[in-house]
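Novice: All chains should be modelled from the sequences, with the hints used to inform the complete structure.
2 protein chains.
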Amino acid sequence: MPDFVAPQVDVPALTEVLDGPHAEIRDLCRRKLIEHAGLLDDAQRLDRDGYRERVLQTLLQLTDAGATTLGFPKRYGGGGDLGAAIAAFETMAFGDLSLLVKIGVQFGLFGGAILQLGTERRHDRYLADVVAGRLLGCFAMTEQGHGSDVQGLQTVARYDPGREQFIIDTPVDSAHKEFIGGAAAHARMAVVFAQLEVGGAGHGVHALLVDLRDRNGRLLPGIRIVDDRQKIGLNGVDNGRIWFDRVTVDRENLLDRYASVSADGVYSSPIESPDRRFFTMLGTLVQGRVSVAGASVNAAKVALTIAIRYADRRRQFTGPNGTEELLLDYGMHQRRLLPRLARTYGLHFAQEQLVAEYDDVFTHPDTADPKRRRALEARAAGTKALGSWLATDTIQACREACGGAGYLSENRFDALRADTDVFTTFEGDNHVLLQLVAKGLLTNYASEFNDLDQLGMVRFVAGHAVETVIERTAAHSLMERVRDLLPAGEDRGDARTGLLDPSYHSAMFRWREEHRIDGLARRLKRGAEDGMNAAELFSRCQQHAVEAAVAHVERQVLEAYEQKLASLPDGANKTALCQLRDLFALSVIEADRGWWMEHGRLSSQRAKAITREVDELLRKTRPLAVQLVDAFGVPEEAVHAAFLH
Amino acid sequence: MPDFVAPQVDVPALTEVLDGPHAEIRDLCRRKLIEHAGLLDDAQRLDRDGYRERVLQTLLQLTDAGATTLGFPKRYGGGGDLGAAIAAFETMAFGDLSLLVKIGVQFGLFGGAILQLGTERRHDRYLADVVAGRLLGCFAMTEQGHGSDVQGLQTVARYDPGREQFIIDTPVDSAHKEFIGGAAAHARMAVVFAQLEVGGAGHGVHALLVDLRDRNGRLLPGIRIVDDRQKIGLNGVDNGRIWFDRVTVDRENLLDRYASVSADGVYSSPIESPDRRFFTMLGTLVQGRVSVAGASVNAAKVALTIAIRYADRRRQFTGPNGTEELLLDYGMHQRRLLPRLARTYGLHFAQEQLVAEYDDVFTHPDTADPKRRRALEARAAGTKALGSWLATDTIQACREACGGAGYLSENRFDALRADTDVFTTFEGDNHVLLQLVAKGLLTNYASEFNDLDQLGMVRFVAGHAVETVIERTAAHSLMERVRDLLPAGEDRGDARTGLLDPSYHSAMFRWREEHRIDGLARRLKRGAEDGMNAAELFSRCQQHAVEAAVAHVERQVLEAYEQKLASLPDGANKTALCQLRDLFALSVIEADRGWWMEHGRLSSQRAKAITREVDELLRKTRPLAVQLVDAFGVPEEAVHAAFLH
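These protein sequences, in sequence, are chains A and B.
Using the working numbering, read the first sequence as starting at 1 and increasing by one per residue.
Using the working numbering, read the second sequence as starting at 1 and increasing by one per residue.
Check before you lean on any hint, since a few could be wrong.
Once the Cα atoms are required to be at most 27 angstroms apart in a straight line, the calculated DSS-like pairs of lysine-lysine come out as [claimed, not checked]:
(1) A:K608 - B:K525
(2) A:K525 - B:K525
(3) A:K525 - B:K620
(4) A:K620 - B:K525
(5) A:K608 - A:K620
(6) A:K608 - B:K608
(7) A:K574 - A:K620
It should be emphasised that the hints constitute simulated quantities derived from the structure, not laboratory data.
Specialist: Here's what the structure looks like:
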């Protein structure tokens with residue numbers, strides 16, 4: 001490395017590429033992060049109550065500045081721009097994450113639910129207050145007994161036609177709402193998800209507006225709230241548990257875009273199928289997963305910025321020339337950090353596509369094709385899962401790569417790690433989400449599956465339709481097609497030929513995806529034919545479902561890289577991003593090479609050549625590494641690691 | 001699973017197997033954990049100063065009860081039993097880990113250094129006070145500028161023959177001592193590691209006793225200490241930074257087992273080679289790594305106890321029969337938890353062997369063969385690395401497997417995760433330790449390497465001897481021998497034949513280890529022959545060195561399983577442990593199957609068969625899982641997860 005003229009990246013131009021269509025909003029948020037950077041210190045200094053209050057006040061200031069409500073219609077004081085709203089949220093993820101989650105709860109979940117599940121009358125009544133931060137709310141979906149299985153939740157909202165009111169109850173202790181951000185201190189109102197009962201008939205889960213506190217912050221009758229107190233992280237968010245004891249709300253408090261109840265107690269909905277209705281309602285809340293995905297990727301960027309800058313100045317162990325070597329010149333250190341850098345860039349580009357699609361679909365919600373909406377939901381689920389695991393894994397690797405210094409809270413990994421840890425769980429457990437993605441992949445083969453549950457394959461496998469679906473899969477022909485795409489490099493003697501050919505990466509990723517989906521379908525079919533107990537069959541197929549989904553999302557990430565590269569002019573930045581794309585693609589193949597070898601798509605010679613090529617790419621990327629993290633554009637005040645100053 | 005008569009484990013008998021030779025001590029510590037269980041709550045409740053004080057008071061109470069000083073000679077009030085000391089330390093790792101680390105600092109590091117590096121005169125003067133907890137101390141080795149590279153540290157101790165004193169200085173700011181447990185508040189004295197200079201000549205790193213505070217806790221002249229304040233975890237330990245400004249200590253404060261300075265300034269040492277002297281001194285401190293390894297494995301046990309019990313009672317998603325399924329009946333959930341359970345058992349047995357060897361070597365320090373000491377040091381380094389990664393990985397997997405509930409501090413993962421995180425870093429960064437192990441493996445091939453540095457291969461590669469060593473390796477013949485051991489299952493048609501044959505596991509593990517060492521040696525040789533820059537060569541070989549070391553340690557774990565099994569009578573417990581051993585062995589092979597396939601030791605058919613066998617083993621282990629964690633014998637009061645009550 002020392003005798004080498006370091007190649008250059010045009011950092012500002014690369015930041016422009018990364019910032020994409022909402023660069024102005026991102027820059028506004030960067031300025032806000034700088035302005036409120038004191039919060040990162042206060043987070044360590046204040047006690048829990050003080051920290052919560054500090055977060056709330058910062059939220060209100062940002063709201064005044066218009067940085068948190070870009071997604072609401074202009075007529076209620078919002079910005080009328082969904083894409084910009086996500087861009088702002090992602091950028092704020094460079095800073096304190098309690099603040100971010102508090103913003104997400106108030107505007108994404110609480111305000112978002114009113115916007116998406118309510119009709120104009122509710123919008124007119126509440127949204128201006130929500131957008132102005134005058135009405136603080138929470139989103140009471142999760143129960144202690146039911147987290148990812150939303151359809152199973154047990155809180156009841158029973159219609160009483162005599163009083164023209166709903167009576168809301170927590171029927172058993174485990175049905176209390178759990179982990180509700182805002183509930184413990186600040187929320188005056190909640191969107192409560194409950195099983196709706198009208199005239200003795202159950203209509204499934206619906207959302208209602210329920211007052212929790214009066215204007216003085218006192219709990220209203222029938223409401224019991226217990227503070228969740230200390231959590232691993234996000235302690236600036238006031239999470240709590242809520243029990244309802246015969247709490248009454250007016251009939252119009254039912255958010256009625258997808259269902260309403262007449263005064264005399266007749267239930268009606270524009271969507272006949274209860275399952276489809278449920279999933280349509282949930283589908284409107286996809287913004288939460290899109291937001292968490294973006295926040296995860298940006299938290300990973302902060303960690304990489306710290307660890308790579310540190311590794312480029314920290315020297316340890318004397319080399320042969322008598323001076324101590326930089327950590328980043330050690331091959332092992334490159335292995336620990338640079339493939340994660342490449343993956344972070346890839347997930348950034350995948351996230352950019354997801355946001356564009358979300359913006360497009362939700363800006364014209366009534367004309368959007370239902371299939372496109374489902375594809376968006378699956379994409380959001382998959383990107384959230386891989387993005388949040390990226391964050392957990394990358395932050396941990398970066399902490400360890402900074403040694404003992406990384407363990408001091410002043411060097412930022414403490415908060416980053418603790419706060420993002422729950423991202424793998426909230427907005428849907430990653431393993432559950434990936435099963436949702438896998439189910440979507442199967443249904444692509446058989447459209448009649450569209451109306452089945454989306455939250456797990458238990459019901460899917462248990463359903464009667466298993467056999468029909470499987471029979472219709474076109475997996476085999478797809479696989480044949482993909483096989484033909486594989487380059488002939490394997491046969492041409494040199495195992496390294498074509499390893500950097502993007503069409504090779506693409507063919508490998510596609511083949512893995514298709515083969516895994518096909519394998520999953522065949523397993524399900526075989527099990528069903530053998531009369532295997534459905535629960536047992538599901539249990540046995542779960543790992544395969546998750547693996548198929550991971551292959552699918554990684555293929556999307558690779559394609560996002562490709563499409564971004566296709567849009568760029570030639571030059572140093574494109575060359576650097578091509579290199580990162582190669583590093584991402586080959587690292588994925590290297591990590592999963594056993595699978596490709598098992599399935600005859602990779603020879604042992606070529607597998608070894610891939611490892612050599614990855615090593616070569618690491619050495620080529622090393623001199624660019626600091627510039628590549630600089631291009632993320634994390635403001636210095638948000639990097640906030642004492643040992644870099 | 002439901003139609004299945006669950007097999008049984010004899011839990012008390014299995015606990016006896018796990019507790020091994022020091023069962024009484026372990027039970028004493030369990031009682032102490034119960035007695036002091038309030039500390040786990042106080043850790044969350046108290047502020048930092050209060051928590052530190054609470055930890056100190058608990059340490060003193062445990063010391064009065066004789067639970068912390070078993071490793072010191074009886075004549076100073078200790079228990080005279082090194083193995084028992086480690087057993088006690090490991091057991092205390094079920095409880096609050098700040099307390100554990102505080103015990104480790106006071107008795108293992110501070111007291112241990114006086115014991116190992118001092119001679120009788122020092123022992124007589126200090127050890128009774130140390131053992132009684134009257135003299136609190138710290139271990140000032142690490143500097144901000146030099147962590148794992150101890151030989152590079154810069155604090156200076158210069159002998160002044162006029163005053164017959166050493167003058168201790170922090171020559172540059174980055175040479176301040178960093179992360180010193182006990183320094184910020186409680187320690188009155190420090191064992192300070194410094195470069196010894198006598199008469200203008202440097203003699204390398206030596207340890208001296210330095211007073212930090214007077215009896216009233218006031219810092220002495222020339223001592224500056226800054227509190228490290230908040231850390232990711234272990235906030236009950238008062239870590240701090242120390243600067244020395246012309247601090248003088250008497251001549252006899254040099255710990256003089258391996259070196260002394262006469263009044264008129266003549267340096268002498270029983271060990272002539274400075275390198276060998278340095279590594280001999282460090283080698284006597286191996287107890288720290290042995291202790292951290294054991295603590296790591298036991299912290300993983302606590303996490304598994306919580307997550308597996310939770311998964312055996314938590315139901316989520318309605319199955320086909322209309323009831324909700326237990327988490328532990330899901331194949332994916334088994335995949336997440338049970339291979340880690342098997343690995344934890346394996347590392348427990350490996351740790352037991354390590355402790356026995358440590359006990360044996362250090363109980364008779366003067367007769368121990370130097371080779372055996374070096375083997376012990378390598379074993380401690382490797383077990384510490386794999387043990388601490390096991391803890392980090394297992395605790396995180398368990399947290400995620402408990403979903404949002406796992407994120408609440410009251411459910412224990414918060415402290416477990418945060419406190420153990422630094423175990424991968426302290427007592428030597430894991431990556432550095434594994435390179436030390438790898439170097440040991442190379443030196444086994446060429447005994448003249450024994451005297452080279454042990455802390456990294458930079459110096460090794462840079463040395464002149466590279467070629468000679470490599471020429472002498474006997475790797476090839478070893479590999480041939482191992483190849484013959486491989487069973488013929490591959491050829492016999494059925495890919496599953498012999499997968500549960502322990503000799504198959506053993507042959508696979510050994511072959512991987514030997515082949516990786518050989519590959520590493522060949523790479524070093526080739527690079528040296530090609531005249532590659534030594535730093536570059538080292539950088540390129542680092543990953544291979546770490547992989548060789550991991551293969552070596554995993555082979556030791558497998559053998560520890562084997563040896564334990566060989567000592568057990570037939571019966572349900574032995575059957576269960578055989579199953580866990582199979583799960584451990586096949587999970588390792590499955591995870592690394594790409595490597596074995598690349599090297600022609602595994603066919604694609606057999607690789608797939610291994611995955612099927614792992615799945616089968618998971619299903620067989622599932623009904624035993626709760627009993628297998630019960631057998632760890634973590635007291636209920638130490639499990640301390642609110643959601644299990």
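Novice: Evaluate each hint against the coordinates.
Specialist: Hints and how they fare:
1. A:K608 - B:K525: holds, 19 angstroms
2. A:K525 - B:K525: Outside the cut-off at roughly 54 angstroms; violated.
3. A:K525 - B:K620: holds, 24 angstroms
4. A:K620 - B:K525: holds, 24 angstroms
5. A:K608 - A:K620: Status holds; Cα separation ~19 angstroms.
6. A:K608 - B:K608: holds, 20 angstroms
7. A:K574 - A:K620: Holds, at about 14 angstroms.
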